[in-house]
Every structure is written in structure tokens, then in C-alpha cells.
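In case you want the letters, here they are:
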Amino acid sequence: MEKILFKEKLRQWVDTLNDYEVLAPAFADSVWDYARVEAETEIDLSHTNTVNPPKQFAFPQREVFFRFERVDGVPRLTPTVPDPKPTLVLGVRPCDGRGMPCNDTVFSKEYRDPYYWARREKLTLVGLACNEPYAPNCFCQSVGGSPHSTEGLDVLMTDLVDRFHVRGITEKGLEVIERGGDAFDRVKDDDAAEVEKVHAAARSRPQRPVAEMDAVAKAIREQFDSPLWEEMARHCIGCGICTYLCPTCHCFDMNDEVTGPNAGTGERVRTWDNCQFPEFTMHTSGHNPRGDLAARLRQRVAHKFLYFVENHATRQCTGCGRCISGCPVGIDIVAVVDRVTRS
Amino acid sequence: MVNVDELRSLAAELLEQGQVRSLIGYRRGTAGVLAEPCTIAAPGEAETLVWDPTCLNNLALFLVEERKQQAAASAPDKRPVGVVAKGCDSRAVSVLLQENYFKREDVFILGVSCEGTGVIDPRKLSARLKGRWPTRVEFAGEDGFKVSAGGDETLVPARELLADRCLECREASPRLNDVLFGEVVTERGFDEPFRAAKAAQEATEDARWATWERHFDRCVRCFACRAVCPMCYCPECVVDSTTFVNTPGTSAEEKATRIRWCERSANVSESAVYHLTRAIHLAGRCIDCGECERVCPVNIPLRLLNTKLEMEAFQQFEYEVGRDFERPSLLSSFRDEDPNSFIR
Amino acid sequence: MPNPLHSNASEAQEHEPRVVAFLCKWCSSAGSDLAGVSRIQYSANATPITIPCTGSVSPMYILAAFNKGADGVLVSGCHPGDCHYMEGNYLARRKLYLVQQLLRFIGLEADRFRMSWVSAAEGAKFAEIVDEFVGDLRALGPQNRLKARH
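Protein chains in written order, with numbering that gives the first Met the number 0: chain A, 0 to 342; chain B, 0 to 343; chain C, 0 to 149.
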């Protein structure tokens with residue numbers, strides 16, 4: 000289904016979704032990030048990209064799995080599978096949209112994670128195509144994506160200056176468009192041509208090249224023991240920004256957090272974990288198979304471009320560029336992959 | 000004016016003559032406009048060294064890394080490491096020397112003066128360019144910075160792009176050095192020292208809590224602030240307490256009641272413990288390089304926590320961080336005149 | 000016995016403030032013992048924790064106390080010049096001054112963290128300090144800014 004949404008009617012559409020929790024990019028504290036849309040919020044879709052990707056809406060930083068307590072000396076567990084309101088996220092860039100199917104695979108392939116899916120099923124992602132690369136480090140096209148890809152999205156909007164072209168892609172997407180009712184207008188004859196023009200112009204902007212998927216995977220496997228990794232990781236500080244900001248990184252830690260005065264009351268909590276932290280692979284014996292930063296950098300790059308390819312036949316990197324822009328010391332995944340492939 | 004060619008020549012010479020085992024400096028990055036840190040060991044690599052307002056990193060951090068690697072090496076190289084250091088970076092080295100992290104002869108400091116201005120704040124630059132990408136930023140003396148973006152070159156007044164910590168900087172050249180490039184620069188008259196912390200404490204108590212509650216809530220616990228700080232060199236950070244000795248006889252009760260200063264959960268109370276602990280552990284040690292705030296992905300104004308304590312140290316205890324590495328540290332010394340009236 | 004500073008004893012459901020008191024073994028802890036032995040009646044809201052010296056108080060103890068829900072935290076030690084370890088209390092004075100400044104800066108209600116000098120002979124002073132603290136905390140209400148949230 001295709002519609003036109005004039006920009007001044009965006010709020011009208013959002014207001015019809017009053018049973019949804021709606022999130023949109025907002026500029027606060029000098030960064031763009033997702034924020035809840037309240038009655039008085041002025042929705043601003045002029046963002047470049049948000050600092051945090053949308054994975055947090057299905058895979059939050061902190062998820063309580065169950066509560067435990069002792070009742071008359073007997074342990075009792077109370078599962079806390081979330082039952083969220085339907086959630087709508089506006090302004091999702093196609094690179095972030097493409098990241099969601101990777102996460103969906105991980106959380107369903109061998110075991111369907113009930114916590115992830117309880118949220119994912121209620122999540123509707125409304126994408127906004129990129130009319131130009133928004134960061135100096137975008138490279139979606141080099142990894143099989145595009146500035147107007149619909150993969151992982153429920154709706155795709157394209158900015159046509161005074162209006163948006165809106166395309167429903169999935170059932171969930173069609174439903175939210177239907178709800179919008181007369182906030183939407185019909186598509187006119189030249190709208191399609193204009194959308195195509197905008198998309199083509201976006202595609203034509205140069206992006207940093209990444210070698211083809213199989214060549215990169217092969218090169219990483221061959222260069223596994225190369226001293227190159229140590230050289231490239233020389234200044235890595237193991238901070239973890241690259242991983243936390245990545246739309247597809249999904250490693251987690253489990254902890255029991257005691258909340259009462261005795262050990263028998265608390266919560267089992269899943270939190271994000273980070274392969275760049277030194278304790279990530281620390282064994283209780285004290286041995287650490289990835290004790291040095293070179294090994295951890297190699298792990299991350301290999302996971303994105305080799306292991307995920309081998310396990311799921313798709314790259315795990317969508318070219319959003321956050322890891323590059325966010326890295327305090329300039330470690331650049333495109334440059335890393337390039338060096339490894341050329342060696 | 001810092002003569003970059005002279006800097007490169009000296010670096011090449013030091014490496015050629017084997018006076019330093021390696022040299023940490025800045026070079027052009029592969030992505031974006033910011034310079035990135037580099038460690039060179041061959042004299043030929045000295046050509047790649049740069050010095051411009053995008054040289055944000057505090058290279059003292061890599062001295063800490065070097066020292067950790069040397070400590071673990073079976074046949075350590077005893078020669079010093081060369082490091083390019085701005086005023087703030089040299090004060091970081093001074094604190095590390097004060098704490099005997101390494102000895103004075105272990106480091107050779109190539110000091111660089113901040114050309115009358117300082118380094119830029121990349122967020123201010125990107126906000127100003129509204130989506131256009133900068134390709135280059137150069138010093139333009141006291142007038143500010145020359146910014147090249149999309150084929151245009153603009154002269155931007157210093158105040159609009161300078162990092163906040165540069166605005167408050169009391170000494171924009173490295174007093175501690177083995178060689179100094181550029182002139183000795185002290186205060187530049189942009190802002191008074193500690194301006195931001197002073198302004199922040201004017202707000203009401205409730206307003207202050209509302210602000211910090213929001214910041215602690217936004218924290219994702221990536222720990223980049225800790226990773227980028229040269230003073231956070233503890234091999235195991237107190238908030239990460241992971242290495243408890245577990246034996247087959249350790250009961251579940253014992254494991255559950257072990258001291259955990261803060262939980263992994265990234266919520267307000269736990270993140271507050273982390274940030275407040277870190278601020279206190281840096282009291283009298285933070286030289287305001289501003290890196291913690293720069294690297295924070297969600298832009299928490301971390302500088303405020305640290306400069307607040309440095310301001311107290313300065314006003315109440317007459318203590319200036321990084322001034323004199325032979326002086327005892329803030330918290331290991333005291334004066335009879337230290338404030339007492341807050342104690343009942 | 001009701002706290003003399005408590006204004007209206009008929010308010011039901013009133014939150015009883017919990018104070019964690021770090022008392023140095025040589026002076027303040029002995030001072031609190033003297034208050035007990037002298038049968039001075041004072042608020043029972045302070046949980047005493049004996050430490051060797053105020054200089055040994057890590058700021059993390061204070062943060063942990065607030066994280067676990069303490070409404071107030073008291074650190075009490077020997078008067079300057081009387082420290083059993085000579086300098087411990089001077090070091091504490093500096094360190095804990097900064098802790099107090101930081102807690103105020105982020106908006107924790109002023110004076111939830113206090114320090115006092117109480118010698119082994121000052122049982123009455125100790126009781127007064129605790130009473131005053133508890134009275135002030137009753138007015139402030141429960142501490143929920145730094146308390147752990149789940």
C-alpha cells in the first residue's frame with residue numbers, strides 16, 4: 000500500500016495511534032536519540048541517525064527474567080515475560096532496519112527467546128529512507144544494503160520536502176497506515192517518479208567500498224594469526240562503544256541481583272555484555288582466551304564478516320558507521336576489513 | 000607557532016638514534032576529520048605525524064598501556080617512550096609520575112603548545128555544519144580555526160568551536176616537557192577556570208537531581224569514560240568485582256551475599272554508584288583533558304563531576320592537579336587549616 | 000520512648016529514618032557506648048558500624064549505604080589531634096569533605112551525609128547528634144534518590 004503524508008499531518012497520524020507507545024528521534028544533550036513522543040512533543044524527523052540503534056526496543060539493556068523469593072522457607076519463582084504496549088518507532092534508518100532480521104535470527108534460530116519476541120512482535124518499525132549519506136562513515140551499499148532498503152522495516156517513508164511518501168511493507172505496517180485514516184492522501188502520478196528520483200540520487204552518492212562478502216570472509220579466516228590484528232588494535236582501549244552502539248551486536252550477561260536483606264530475594268537479570276571488555280571471556284580459573292585487545296578486535300570483525308556469514312549466510316554488518324564515528328581512537332572497521340582483505 | 004616539520008625531524012632523530020623505543024603521537028585518521036593516535040618505531044614513520052586542532056586524544060593513556068605491556072614482558076626494553084603532549088596531557092603525565100606509575104626517565108615528552116586556542120569539540124563542529132562533513136580543521140592563531148567542508152573554507156571564531164575544557168584551561172602549554180614546540184601559553188581569557196562547575200552548582204537542589212537522574216538513566220555503562228582515562232589504570236576496577244575465589248565448598252548464600260558495589264543493571268542507582276565512585280577516585284588526579292565527556296556516546300557532561308571536585312581542591316585545599324609531581328597527592332596529605340566547620 | 004523532637008506522635012505510617020553510622024573504634028564508638036552505659040535515652044534509628052579509624056572509611060561505604068536505602072549516613076571519629084593513628088582523621092576530613100560536596104552537587108538532599116567528632120567521653124554529644132539527625136531526616140522523608148531501584 001502506498002500513501003502520501005503531508006508533513007503537517009504527521010502528528011495527526013501519530014495521534015490516531017493513541018494505544019501505542021510512540022518513539023521518535025529527538026535532539027537533546029547535543030545528540031540525536033530516541034525519545035517517547037508525548038502530547039506536547041514536536042516530532043522532528045530531520046535527524047542524521049540516532050546514537051542508539053533500535054535493537055533496544057526488542058532487546059533492552061536490562062531485562063528481568065524472573066523474580067525469586069522465599070515464601071515460608073520455600074523458594075518461589077515468578078516469571079516476568081514482558082507484555083508491552085504496541086510500540087511504534089519513527090525515523091528508523093534502513094541500515095538499522097536491516098539489522099533487526101540479524102537479531103531475529105539469533106533470538107529464534109535454535110531457541111525462540113520469549114522475552115525478545117514478546118517485545119519484537121509488538122514492535123512496528125517505521126523507516127525513513129536516507130536522501131543522502133548522513134554520516135561520513137555510512138557504507139550501507141557496500142554491504143548489500145541501500146539508502147531505501149525495506150528489509151526489517153514495517154513501513155518505509157521517503158522525504159519529498161513537503162511530504163512523505165509512505166509505503167506499507169508488512170501486516171503491522173499496513174495496520175498502522177490504515178489506522179491513520181484521512182491523515183494520509185492518495186499517491187499522485189508523479190509521486191512515484193519523484194520517489195524514484197530521490198532514491199536514485201541517494202544511491203549515487205559515493206560510499207566507502209568494502210570487498211565482496213565471500214572474499215572478506217575468506218581473508219579473515221586466512222589472516223587469523225596475522226600480526227596485523229595487533230597493529231590495528233594498538234590503540235584500542237577496550238571501551239565497548241562499537242559494540243553497544245551496533246544495531247546487530249547482541250551479547251548478554253546474566254546476573255542474579257539480590258534485592259532484599261537476605262540472599263533469597265531478588266531478580267535474574269539479563270544485561271548487555273560486550274566482547275571488548277576484558278572480563279568477557281574470563282574463566283573462573285583466571286584464564287582468559289581473549290586477554291589481549293588484538294584478539295578482541297579480531298573477534299568482533301570476524302563475527303560481523305565471517306562467523307555470521309558461515310552460520311547464517313548473511314553479513315552481520317549493515318554499514319551504519321556508528322562504530323567508526325563513536326570510536327575514541329579512530330579504529331575503523333572499513334579500514335580494518337580492507338587491510339585484511341588486501342594482505 | 001608549533002613547527003610540525005621540526006616535530007617530525009626530532010621524532011625521526013630520536014627513533015634513529017634509539018633514544019626512545021617508540022613514539023606516541025597523532026596522525027590523520029582514516030574516517031572523519033579527527034586525528035588518531037599512532038605509535039611509531041621506525042624513523043621513516045615520523046613523516047605521518049600531525050598537529051592540528053583535531054588532536055583531541057590524551058596520549059598519556061597510551062603510556063599507561065605501554066607500561067602495562069612492559070611489566071608483562073619477559074625482556075623489557077628499558078629505553079624511554081616518546082610522547083607528544085599538550086598542556087593537559089603533560090599534566091596527566093605529571094600525575095602518573097606523582098603516583099610513581101613510572102619514572103621520569105621512562106618518558107620523553109615532546110610538548111606542543113595550543114597555538115593560542117586549543118582543540119575543537121567535534122559535537123560543536125557537527126552542529127555548526129548542519130550535516131556537511133568537515134574534511135580539515137586548522138589553527139588560525141587567535142582568530143580561531145579554519146574549517147574546510149564541502150569545498151568551502153571558513154574562519155570560525157575560537158569560542159564557537161573550542162572544547163569546553165579549553166575555554167577554562169589555565170595553562171595551554173606543557174610545563175613538564177623535554178622539548179617544547181611553540182610558545183609558553185597560560186590563561187587565554189575565554190572563560191574563568193571552573194566556569195561550568197560553578198554554573199552547575201547554582202541550580203536548585205531539586206533541579207540538580209533532576210538533571211543527574213536523567214544523565215544516570217541515559218548511561219549505557221559502556222565504560223568508555225573509564226577506558227579512555229589515563230588515571231583509571233587499576234587492573235581490576237572496583238565496580239567490576241568479578242574475581243572472587245570460589246571453591247567447591249562456597250555456598251550459594253555466600254556467593255549471593257558477596258560484596259557487589261554495583262550491579263550490572265544500567266539503571267539510575269547503579270550507574271550513580273559507578274559515576275560517583277569514579278569521580279571520587281579521581282579527586283586530586285583529574286587534569287580535565289575532557290576525554291571522558293568527549294567519548295561518551297550519549298554526551299553525559301562528566302567533566303562537571305570531576306571539575307567540581309578539582310575546584311573544591313583548589314579553593315579549599317590550595318591544590319592544583321598536575322602542577323608538581325614531587326608534591327604529595329591530595330588525599331594523602333592534609334593541612335591544619337582544612338575546612339572543619341562542616342563537621343559537627 | 001518518643002523522640003523529643005518528634006512533633007506529632009499520632010501520625011501513623013510514618014517512615015522511620017534509618018541511619019548508618021560509621022564510628023571509629025577508639026573515640027566515637029566508645030562515645031556511643033558511654034551514652035548507653037549512662038542510660039541516655041535517644042533515637043534508636045542509627046545502626047552502628049565500628050571501623051578502626053575514620054581515615055579507613057572508603058567513600059564506597061557511604062555510596063553503598065545510600066544505595067541500600069539508608070536515609071542518612073554518619074561518619075564519626077576522634078577530634079583533630081586525638082587520632083589513635085595520628086593522622087587518620089585529618090585524611091578523612093579532606094576525603095569526606097569532597098564526598099559531601101559531590102553528593103550535594105548531584106542533588107542528594109544536603110546533610111543526609113554528616114560527619115562529627117565525638118570523643119570517648121562525649122556520650123551526651125553522641126546522643127544529641129543522633130537525635131538531631133533523625134529529627135532532620137524525618138522532615139526530609141525517605142531517601143529515594145540514590146536508593147537501589149529494581
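Hints are supplied without guarantee of correctness; some may be wrong.
Distance condition first, Cα-Cα at most 25 Å in a straight line; then the derived DMTMM-like pairs of lysine to aspartate or glutamate [to be verified]:
| no. | chain 1 | residue 1 | chain 2 | residue 2 |
| --- | --- | --- | --- | --- |
| 1 | A | Lys84 | A | Glu131 |
| 2 | B | Lys67 | A | Glu278 |
| 3 | B | Lys197 | B | Glu182 |
| 4 | B | Lys197 | A | Glu131 |
| 5 | B | Lys123 | A | Glu278 |
| 6 | B | Lys197 | B | Asp216 |
| 7 | C | Lys146 | B | Glu252 |
| 8 | A | Lys6 | A | Asp43 |
| 9 | C | Lys146 | B | Glu204 |
| 10 | B | Lys129 | A | Glu7 |
| 11 | C | Lys146 | B | Glu253 |
| 12 | C | Lys146 | A | Asp255 |
| 13 | B | Lys254 | A | Glu68 |
Since the hints were made in silico from the structure, they are not lab data.
Hints the structure fails to honour: 1, 3, 4, 5
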